[in-house]
Amino acid sequence: GKLLLFSLNTKILILLKVLSSLSCCVFLILADVAVSTFFHIFFRFLTDNFAHRTAVRKALANDKDWQGKFISPALTCIEKQHNEVAYLVPWCQLGKPSKEGGVYEWVTFQMKPGGPALWGESFQAAINAHINTGYTKLIGVFHTEYGLLNTVHVIWWNESPDHRAAGRHSAHEDARVVAAVRDSVRFLESQHNMLMIPLACSPLK
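Going by UniProt numbering, the residue at position 75 of the sequence shown is 75; the numbering climbs one at a time, nothing skipped.
Keep in mind the hints are simulated off the structure, nothing from the lab. Wrong hints could be hidden among the right ones.
[Claimed, not checked] Computed list of lysine to any residue pairs in SDA-like fashion (alpha-carbon distance at most 20 Å, straight line):
#  : residue 1 : residue 2
1  : K112      : E145
2  : K137      : E100
3  : K112      : R186
4  : K96       : F43
5  : K99       : V89
6  : K80       : F43
7  : K96       : T133
8  : K96       : D48
9  : K137      : S98
10 : K69       : F43
11 : K112      : L60
12 : K99       : S160
13 : K137      : L88
14 : K80       : F45
15 : K137      : H169
16 : K112      : V89
Based on the provided sequences and hints, a complete structural model is requested.
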């Protein structure tokens, strides 16, 4: 019903917005105990800079086709919306899944105040330790510019939830991973993760 309607409208949104935005992806949340509603849709748009983002939003605000075909129908499906601006950390390049399909894990880390100057090196070491195990694929690491500060979002790709679970179990028995995580966790206040699948209209699938 509403999910189908929203998905169809999302396709229109992607076709229109991707013309002026470098990259985008749309996910349906599969597992997140913090989400009270059954359907939770997550968008990520990547722009070159703030001027690019402003130009995109201005163009869409004046686009009657976008307003009529997406915004108006979508409002009947949306209970709430949260926006945030984050940047790709300098030591990470955007990755792509090894193959079509699979699942994504979105992990949010709330770090101690002080920014990357305080915890950046140890956090990067912990991420690299997981990468080196080979069980998962890093898609991107983002740090908030506007929103809740000292928040880091990490996107991973796995072949399946079971493959992820087995890989993490093995990684947690790796002394190098344990040491890197133990060093990084000194600066961690909380963390939260979500299991997601890309919708059919998402370029990242």
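task = Please name the hints from earlier in the document that this structure breaks, with their numbers sorted from lowest to highest.
result = 5 and 11
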